[in-house]
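Protein chains: 2
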Amino acid sequence: MALNSKIILHIMGLLLLCNGGFMLIAALVSGIYADGATLGIAIASITTLFIGISAMYFTRGHKKEVKRKEGYLIVTFGWIVMSLSGMLPYIFSNAIPDITNAFFETMSGYTTTGASILDDIESLPEGILLWRSLTHWIGGMGIIVLAIAILPLLGIGGMQLFAAEAPGPNTDKLHPRITDTAKRLWFIYLGYTAAETLLLKLAGMTFFDAINHSLATLSTGGFSTKNLSLAYWNDQPLIQYIVILFMFLAGSNFVLSYFAFKGKVQKIIKDEEFKFYSAFIVGFTILAALVVYFQANVPVTEYHPMPLGAGESSFRHSLFQVIAVITTTGFVTADFTGWTPFLTVFFFGLMFMGGSAGSTAGGIKVMRHLLIIKNGLLEFKRTLHINAVIPVRYNNKTVKEHIVYNIIGFFVLYMLLFIIGALVLGALGLDFVSAIGGAASSLGNVGPAFGSLNPLSNFNGLPDLGKWWCCFLMLAGRLELFTVLILLTPYFWKRT
Amino acid sequence: MALNSKIILHIMGLLLLCNGGFMLIAALVSGIYADGATLGIAIASITTLFIGISAMYFTRGHKKEVKRKEGYLIVTFGWIVMSLSGMLPYIFSNAIPDITNAFFETMSGYTTTGASILDDIESLPEGILLWRSLTHWIGGMGIIVLAIAILPLLGIGGMQLFAAEAPGPNTDKLHPRITDTAKRLWFIYLGYTAAETLLLKLAGMTFFDAINHSLATLSTGGFSTKNLSLAYWNDQPLIQYIVILFMFLAGSNFVLSYFAFKGKVQKIIKDEEFKFYSAFIVGFTILAALVVYFQANVPVTEYHPMPLGAGESSFRHSLFQVIAVITTTGFVTADFTGWTPFLTVFFFGLMFMGGSAGSTAGGIKVMRHLLIIKNGLLEFKRTLHINAVIPVRYNNKTVKEHIVYNIIGFFVLYMLLFIIGALVLGALGLDFVSAIGGAASSLGNVGPAFGSLNPLSNFNGLPDLGKWWCCFLMLAGRLELFTVLILLTPYFWKRT
Ligand SMILES: [K+]
Ligand SMILES: [K+]
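Protein sequences, first through last, are from chains A and B. Counting from 1 along the first sequence, just add 1087 to a position and that's the residue number in this note's numbering. Counting from 1 along the second sequence, just add 1087 to a position and that's the residue number in this note's numbering.
Excised from the complex, chain A in its bound form (with noise of 0.2 angstroms):
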């Protein structure tokens, strides 16, 4: 089968026809701040448009349809080209001069990482700082199309079981799906930014720190526009529980939200990976709080204001660090890596936990986990009664078993592409906890890591090479793996 390339640079062109158009907000916006990086957003603007625009035209007699491998593709590409493009804006405005940096900011902003490679977020323009979160909030809304409509149909990581949970027609093409599911999810990431925006500006937030944030929060990107990320609000409680809301939102499965919105309760209150979500979320904020407010080495007191009292401030850190990291948004407010060795150990496996799938988050993802431990406990119930055929069921279905061992393998590369992660992160000079650490968050799209890449630093002191490995990572953990590793194998490029 010879790969239809002309739709794959069609579609590229479109992306970058979007990215363009995206630009010039960031150019507007600069222009109102006079902020003196507008004619470089713009150039950038005008560029991308222009590169976008010839694409679509030299490929515009291409043929409609589009193949599996085809699809493999314009994921892939799509997600780097949307990298070397967005990256003209800090380039052409000189905010960040060096391609490594530019890139490794920009591709940490579509995968919704959040890991930044700038020491002095605050000095930005803020034009800059918009099309920053941009670059999340854009990524964000690749990962809800990439959700409902392309991985299932890719086959890729147990996908398709959540797949046949969203609205919209149930076609085997890509076309309707894409157009109506995801419109509808569209409408409500929209919806929850815009409210988001508005609750945080009515808690005191200026009205820029309030869209960026939002921005950042519904895609659990975690750019801020503060050095301190959220902590620069830790006198202002409300604030952050505005926040920890809407990451709470942001990690939850869209459709949910879309039948909380047509009143059907009764699906939400059903769904298994929703319940075990927010039972985690519970469970390991009480744990975490009571380490905090007894044990924590440094005291939450020492740089942290306590406005509702000692108890409240434990309680607010660790649900915020909590969702957090399970959302993998991985906003600041308190270095949880300097509480207790236990919750850094705890907070490392929380790393591997994710959201829920159909959110914008990374990771493995609860439902993952949750057939994993399913299938680990039945294992038990086989191997006693080694004849009876025992099947994994979910939200009270069948679950195929071919879906189950898709599952589990993706686990298995995941926790295979880490150690590979942490090893190369150890080659090139990162003390262990912060290669084991960067891995994990890298792959995760968590953003704060360990070590020298805590949550107080960033990931500027890595070396070139780790900076691109890291954006290998970002990449390969936010496209679940197996769309972008499947174009490394010789079966891919095999004609059949």
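Any given hint could be a false lead.
Identical chains blur together in the list; that is why a pair holds if it fits in one copy or across any two.
[Said to hold, decoys possible] In silico DMTMM-like links for lysine to aspartate or glutamate, alpha-carbon gap of 20 angstroms or less:
#1 K1468 to E1488
#2 K1468 to E1157
#3 K1151 to E1488
Just so you know, the hints here were simulated from the structure itself, not pulled from any lab data.
Based on these hints, arrange chain B with the ligands on the given structure of chain A.
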């Protein structure tokens, strides 16, 4: 089904009888050296023999049949009963008066982990030192029976696959296989131990050190009679090369050794696991040696003489530590956690490798990694061709799907237990690196770990609870997880 508790007790009695017998040997050696521990060891022996004989006497009228469920209980209780009786020589001789410490040292012995709580090994009486090495060797014998005869029948972790290759009658009853196959392999095990003792003596070790180290090598245990472990002989490369050879053999499938003695060399060359086991060792050694030679921060020379030059020294230490960790023997010639950050991560990764199936090595094991990697690669092919049935092949045979499932289930459970293991150690106050290193090392039965548990240190600094927790991890890891954990599930205790 009511459990046949009589036969369980009867077999426990038999185990105690054997154990008491071995203690007599230690008492005898103690007497020859007049080391002051003779009476203590003798009392331990008599106590053990008495309890064993009593148990056997009172259960002499048992039904001969052993069912699967009883199999799990016999294996797990067997190791615990051995450890409970095996710690008596330490306690009665006052060598290790503390019960927690004595139990830890004994469990570490029988599980062939080789982690120690002793700060000064060389001050121990000879009889106790020999007993310590004997616990390894007895544990190794147990592992051989387990791997060849018991686990395959219990349907655990893909061992069925390996057992099909083993020599001996192919019936479904435990007895004929145990008596037949296991005896042949025990003979090889004994032969190798004698051969290593002889060679080490010839190379310059004292006879006492030679036999102790041989007992600890063939069982992949790792207890040494020297505080410095094998680093004591860093100026005698020949001794270390001999140990390297026998660690390699101990970590390879004993069935292959059997074939070698039968002259069936073809069977060895064709064995996929052996090929990869060897290839991994060669590859990892070259990599490590290059890094040590060109990069190591702590030069090997600092506390190591280099009788044959820096090149040989780098090669030897790298080869030694790679084999010591892969085969989970855990002998130490140099502190690999002090070499370079990369090698620290590297050796941490190797902790998850394990030797061959059918060896005395612990860990996940090469066969499982091979099948997981093969299946993982095929998963890409399956993703591209959704309707094709693409089975995994191993040693030129198609592997049944439920066995692949079994193996992947083992891997997932292993990783889960590792994370929980590390979390608990963290909760008990260990720092991050020590917690994850200690969990990986205990679960894999390696011995030396990282951080405060580094190869030059020991496990004595752990709090008591931490020692008991490590005992659990060592036992679960040694008995291939399912055997122990299945006893903790409700399925097991449900009457059917
Ligand atoms: K993030
Ligand atoms: K060992």
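Structure-based check of all given hints:
For the identical chains of this complex, K1468 and E1488 are neighbours both inside a copy (16 angstroms) and across copies (17 angstroms), given an alpha-carbon limit of 20 angstroms. Proximity of K1468 and E1157 under a CA criterion of 20 angstroms is satisfied inter-copy only: 15 angstroms between copies versus 42 angstroms inside one chain copy. Taking CA atoms no more than 20 angstroms apart as the test, K1151 paired with E1488 passes in neither setting, with 34 angstroms inside one copy and 39 angstroms between copies.
The structure fails hint 3 only (numbered hints given earlier).
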